[in-house]
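For the sequence shown, my numbering gives the first residue as 67, with consecutive numbering after it.
No wet-lab data here; the hints were simulated from the structure. Just so we're clear, the structure is a prediction, and the values are computed from it rather than from any experiment. Glycine included, each C-beta is placed from N, C-alpha and C at the ideal position. There's no promise every hint is true.
Only pairs whose alpha carbons sit at most 27 Å apart, straight line, appear in this in silico BS3-like list of lysine-lysine [stated by the list, open to error]:
| id | residue 1 | residue 2 |
| --- | --- | --- |
| 1 | Lys148 | Lys105 |
| 2 | Lys93 | Lys115 |
| 3 | Lys105 | Lys131 |
| 4 | Lys87 | Lys131 |
| 5 | Lys121 | Lys132 |
| 6 | Lys149 | Lys121 |
| 7 | Lys121 | Lys142 |
| 8 | Lys87 | Lys115 |
| 9 | Lys148 | Lys93 |
Here are the in silico distance ranges between beta carbons for each label pair [stated by the list, open to error]:
| id | residue 1 | residue 2 | range |
| --- | --- | --- | --- |
| 10 | Glu89 | Ser150 | 14 to 24 Å |
| 11 | Ser86 | Ser150 | 12 to 22 Å |
| 12 | Lys121 | Leu145 | 35 to 45 Å |
| 13 | Asn101 | Ser150 | 13 to 23 Å |
| 14 | Glu96 | Arg140 | 26 to 36 Å |
| 15 | Lys148 | Ser86 | 22 to 32 Å |
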Amino acid sequence: MVCFLYQNQTNRHVIIGKISKNEARVKFDEVIHCNNCGKQVPGGLQTGKSYYQTKPFEIELEQFKKSYLCGICRDKNRLENKKSD
């Protein structure tokens, strides 16, 4: 799974999937909850126009939603893993 955080002054959009060079991007909103604490998080996502709504895209999106952690829970896990090393 390939995900990046793209941030401008007003919006945050996670890039999911494949975006070819000079390809148009599709921005969409998705309901996403943290899998640890259950908090709803902003669901702004974007992907390439040719990848959007394909079967691999749907699979990747479902995997992303199943494994998503909010920033607080993600940082807690990182700190706990760092202490155990």
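For each hint, the structure was consulted:
Taking the CA atoms of Lys148 and Lys105, the gap is about 24 Å. The hint holds against a cut of 27 Å. Taking the CA atoms of Lys93 and Lys115, the gap is about 9 Å. The hint holds against a cut of 27 Å. Pair hint Lys105 plus Lys131 holds up; C-alpha atoms about 13 Å apart against a cutoff of 27 Å. The hinted pair formed by Lys87 and Lys131 meets the criterion: a straight-line CA distance of about 26 Å does not exceed 27 Å.
Annotation: proposed proximity of Lys121 to Lys132 holds, straight-line Cα distance about 17 Å (limit 27 Å). Using a Cα cut-off of 27 Å, the hinted pair Lys149 and Lys121 is violated, with the two alpha carbons roughly 40 Å apart. Of the supplied pair hints, the one linking Lys121 and Lys142 is violated, its CA atoms being roughly 33 Å apart against a limit of 27 Å. Restraint check for Lys87 and Lys115: satisfied, since their Cα atoms lie roughly 12 Å apart, inside the 27 Å limit.
Of the supplied pair hints, the one linking Lys148 and Lys93 is violated, its CA atoms being roughly 35 Å apart against a limit of 27 Å. Range check, Glu89 to Ser150: Cβ separation about 41 Å, and the 14 to 24 Å hint is violated. For Ser86 and Ser150, the Cβ-Cβ distance of about 40 Å falls outside the hinted range of 12 to 22 Å, so the restraint is violated. For Lys121 and Leu145, the hinted distance range of 35 to 45 Å is satisfied, since their beta carbons lie about 37 Å from each other.
Our hint of 13 to 23 Å for Asn101 and Ser150 holds, since their Cβ atoms are close to 20 Å apart. For the pair Glu96 and Arg140, the beta carbons lie near 18 Å from each other, so the given range of 26 to 36 Å is not met. In this structure the hint that Lys148 and Ser86 lie 22 to 32 Å apart at CB is violated, the actual value being about 37 Å.
Violation of the numbered hints given earlier is confined to hints 6, 7, 9, 10, 11, 14 and 15; the remaining hints are satisfied by the structure.
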